[in-house]
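Chains as they are written, first to last, in this note's numbering: chain S, 390 to 612; chain F, 548 to 765; chain Z, 244 to 498.
The set of hints was computed from the structure by calculation and includes no laboratory data.
Keep in mind it's a predicted model, so treat the numbers as computed, not measured.
Beta carbons are placed, not taken as given, at the ideal position from N, Cα and C, and that holds for glycine.
Some clues are possibly wrong.
[What the hints assert, rightly or not] SDA-like cross-link-like pairs, simulated, lysine to any residue; straight-line CA separation at most 20 Å:
1) Lys-631(F) x Phe-576(S)
2) Lys-484(Z) x Asp-467(Z)
3) Lys-412(Z) x Pro-476(Z)
4) Lys-509(S) x Asp-479(S)
5) Lys-360(Z) x Pro-532(S)
6) Lys-326(Z) x Cys-448(S)
7) Lys-440(S) x Ala-424(S)
8) Lys-759(F) x Arg-501(S)
9) Lys-326(Z) x Ile-530(S)
10) Lys-326(Z) x Asn-544(S)
11) Lys-509(S) x Lys-412(Z)
[What the hints assert, rightly or not] Footprint (simulated), chain F over chain S, 3 or more residues, beta carbon under 8 Å:
12) 410-421
13) 437-447
14) 515-525
15) 589-598
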Amino acid sequence: MIEFLSVYPENWASWWPQIQAAMWVTVKLTACAFALAAVVGMLLAVGKLSKTRAIRAFCTGYIEVARGVPALAVLFLLYYGLVPTGLVLDAFVAGFIGLGLSAAGYIAEVFRAGIEAIHKGQREAALSVGMTPMTSFRYIILPQALRIILAPLLNMLIILLKDTSICSLISTPELMLRAKDLAMMSFLPMHLFLLAAVLYFLMSWPLSIMTRRIEIRMRRSTG
Amino acid sequence: MEAFLQKIYTLGGPLLLGAVTTVEITVLSFIAAVVIGLLFALLKLGAPRPFVWLINIYVEVFRNTPVLAQVFIIYFGLAYSGIKVASLSAAIIGLGLNGGAVLTEVFRAGLSAIHRGQREAALSVGMTPWTSIRFIILPQTWRITLPPIGNYAIALLKDTAVVSAIAAPEIMFYARNLVTSTFETTYIYILAALLYFALSFPLARLVDHFEKRQRAWQ
Amino acid sequence: MEPLLRVEGLHKSFGSLDVLMGVDLALMRGHKIAIIGPSGCGKSTLLRCINYMETPNRGHIHLDGELFGEKQTNGGYARMTEKELAVQRAQIGMVFQGFYLWPHLNARDNVAIAPQKVRGMSKTQADELADAMLDKVHMSHKADEFPERLSGGQQQRVAIARALAQEPKLMLFDEPTSALDPELIGEVLKVIHELADEGRSMVLVTHEIQFARDVADWVIFMGDGVIVEEGPPDQVLGAPKNDRLRGFLNQIVEH
């Protein structure tokens with residue numbers, strides 16, 4: 390056991406700078422993917438309510454496809470599959486676009502559920518005092534919906550954080566790839582993958598706890 | 548047009564082979580996850596404190612680390628320690644353990660949603676705790692847990708794609724090999740995506756059906 | 244004298260279900276109409292058509308001489324857009340059976356938000372108006388409370404204040420006490436009575452027969468989508484001519 394653990398201090402000096410840089414890429418990747426997913430997801434949720442049939446169909450179709458196709462397949466398509474058409478994407482860009490577009494489907498459903506959870510009567514009351522549908526959405530529906538969707542959104546953030554590891558397979562220089570490279574070079578796969586797992590855990594666990602607290606608070610106030 | 552169809556045929560063939568493995572991995576991992584999840588959820592309700600603690604640690608660790616890391620640790624890590632695991636087995640073990648953590652929470656929520664008054668009523672008519680779980684609690688738990696289990700199954704199907712990284716012969720693995728030999732990158736990856744979609748579509752419809760039934764029940 | 248509210252030939256169906264089959268109604272300024280009837284007779288739908296929460300299939304509404312909910316186009320009528328409708332709806336105050344206070348706003352803000360966002364008042368002006376309205380319904384002491392901490396009767400009174408803040412020409416009450424526990428009904432009826440005494444124009448759908456008798460100038464009894472009997476309260480409620488009406492009133496008294 391001691392022998393196992395002694396590997397770490399021995400190699401820390403050479404490993405840590407690289408790992409740290411890679412962790413930053415992971416964080417940036419997560420943030421960019423989440424931002425993209427939130428924006429696209431919001432557009433999709435609104436689009437699903439559109440009066441135009443074509444827009445509704447497109448949004449529904451997008452969400453269906455995003456639900457059924459793995460992120461890895463999308464990443465490969467973006468990174469390798471577009472090259473013959475002339476579009477060559479950088480690994481980081483392909484990474485966050487792929488993850489973001491995939492997650493957008495789920496986020497759209499989160500938004501939709503949040504909006505639908507608001508009792509119809511509140512919208513009626515808003516219309517009865519003379520608010521337009523837009524005004525009622527802005528001041529009555531949206532503020533409440535945001536509270537409901539906070540926990541699921543945080544959940545998506547955690548999932549995205551973990552999914553950034555998949556980008557290692559299209560050689561995005563994030564934590565998983567760095568761990569794998571170091572593992573191959575030093576012939577110490579167990580040590581490095583365990584280290585990577587611990588680091589992911591340290592990044593993700595605080596978010597999990599926060600999400601759970603918010604979930605409990607939500608249940609109490611609406612229960 | 549003929550050349551197009553011919554292309555689809557030659558490329559599609561190996562991918563379908565991969566699909567068989569994908570389904571195999573999905574089914575076996577799913578079974579493992581359900582067994583672990585149900586077992587641990589039941590244990591959490593009744594077992595002594597230290598066991599509950601251990602289960603919680605297991606759940607937290609597996610839910611806060613990426614599947615890829617878990618699979619790598621099991622495959623490379625074990626090999627390094629002298630235990631040789633075939634990539635298919637490593638994939639199933641990794642995905643199964645990951646799913647077990649997810650489903651432990653799902654079953655726990657489902658069980659506790661019914662637990663209290665009903666269990667008391669069952670005990671009051673003379674049932675043992677085990678009988679009450681078997682005939683009163685569990686049958687109702689299914690109704691609640693079916694949608695999240697279904698959604699997990701879909702996520703699992705998609706997660707199998709990452710085990711291509713340890714050379715498990717599933718869809719993505721065949722796709723990458725095909726690319727190196729034919730260079731038809733665009734076609735191949737689009738076909739792979741369509742294949743996954745075809746596999747997950749019936750599952751998604753099934754889950755929608757369960758969700759509708761559950762909503763009607765409420 | 245032109246009536247404040249004129250309803251002519253109102254028809255409304257939901258799919259194949261006919262709910263209103265030709266209703267006419269006229270309300271003079273300062274008068275109160277009570278609408279009673281068994282469930283399913285269309286009284287709620289009638290009320291909701293008046294401020295175009297439901298769009299009638301046939302028939303017209305005039306408020307204060309102006310066509311409500313529709314505009315005249317060459318050759319016929321067209322429903323107004325949501326924006327135009329919002330402006331008109333601000334003239335009518337509606338109180339719902341389910342109160343529908345907005346849970347993320349406290350009592351004062353529930354009342355003040357429409358004057359602010361719809362009529363463009365400043366926050367100070369709107370808050371002043373809100374406080375005055377809350378005072379009218381005897382809820383000043385709870386102005387900072389959120390709906391979840393108010394009883395049903397208190398919530399409904401805040402909802403009334405919210406409608407009053409529009410300074411409406413007409414108040415519509417859709418079974419305002421039907422969702423309340425018996426001991427809370429009184430405080431709400433008291434407020435409505437006070438508003439009636441002020442001379443407000445009202446249409447009130449209710450099951451509270453005695454209250455209708457006290458407050459209304461005119462009572463309408465509906466059945467199966469049409470008006471079955473109508474007249475002054477003493478006549479309709481005291482000496483009903485129609486058999487169905489008699490049966491209905493007996494049922495209510497028995498409770």
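Consistency of the hints with the structure:
1. Lys-631(F) x Phe-576(S): holds (16 Å)
2. Lys-484(Z) x Asp-467(Z): holds (18 Å)
3. Lys-412(Z) x Pro-476(Z): violated (23 Å)
4. Lys-509(S) x Asp-479(S): Measuring from Cα to Cα gives roughly 46 Å; hence the hint is violated.
5. Lys-360(Z) x Pro-532(S): Within the cut-off at roughly 15 Å; holds.
6. Lys-326(Z) x Cys-448(S): Given that 20 Å is the threshold and the Cα spacing comes to 27 Å, the pair is violated.
7. Lys-440(S) x Ala-424(S): Outside the cut-off at roughly 27 Å; violated.
8. Lys-759(F) x Arg-501(S): Holds. Lys-759(F) to Arg-501(S) sits at ~16 Å (cutoff 20 Å).
9. Lys-326(Z) x Ile-530(S): holds (18 Å)
10. Lys-326(Z) x Asn-544(S): violated (38 Å)
11. Lys-509(S) x Lys-412(Z): Not OK: Lys-509(S) and Lys-412(Z) at ~26 Å, beyond 20 Å, violated.
12. 410-421: Our answer is that it is violated, as 0 residues pass the Cβ test (under 8 Å) against chain F, missing three.
13. 437-447: Not satisfied, violated; 0 residues make the cut.
14. 515-525: Violated: only 0 residues of the segment 515-525 of chain S have a Cβ under 8 Å from chain F.
15. 589-598: Coverage by chain F holds for the segment 589-598 of chain S (5 residues, Cβ < 8 Å).
Figure legend: structure checked against the earlier numbered hints; hints not met, in rising order: 3, 4, 6, 7, 10, 11, 12, 13, 14.
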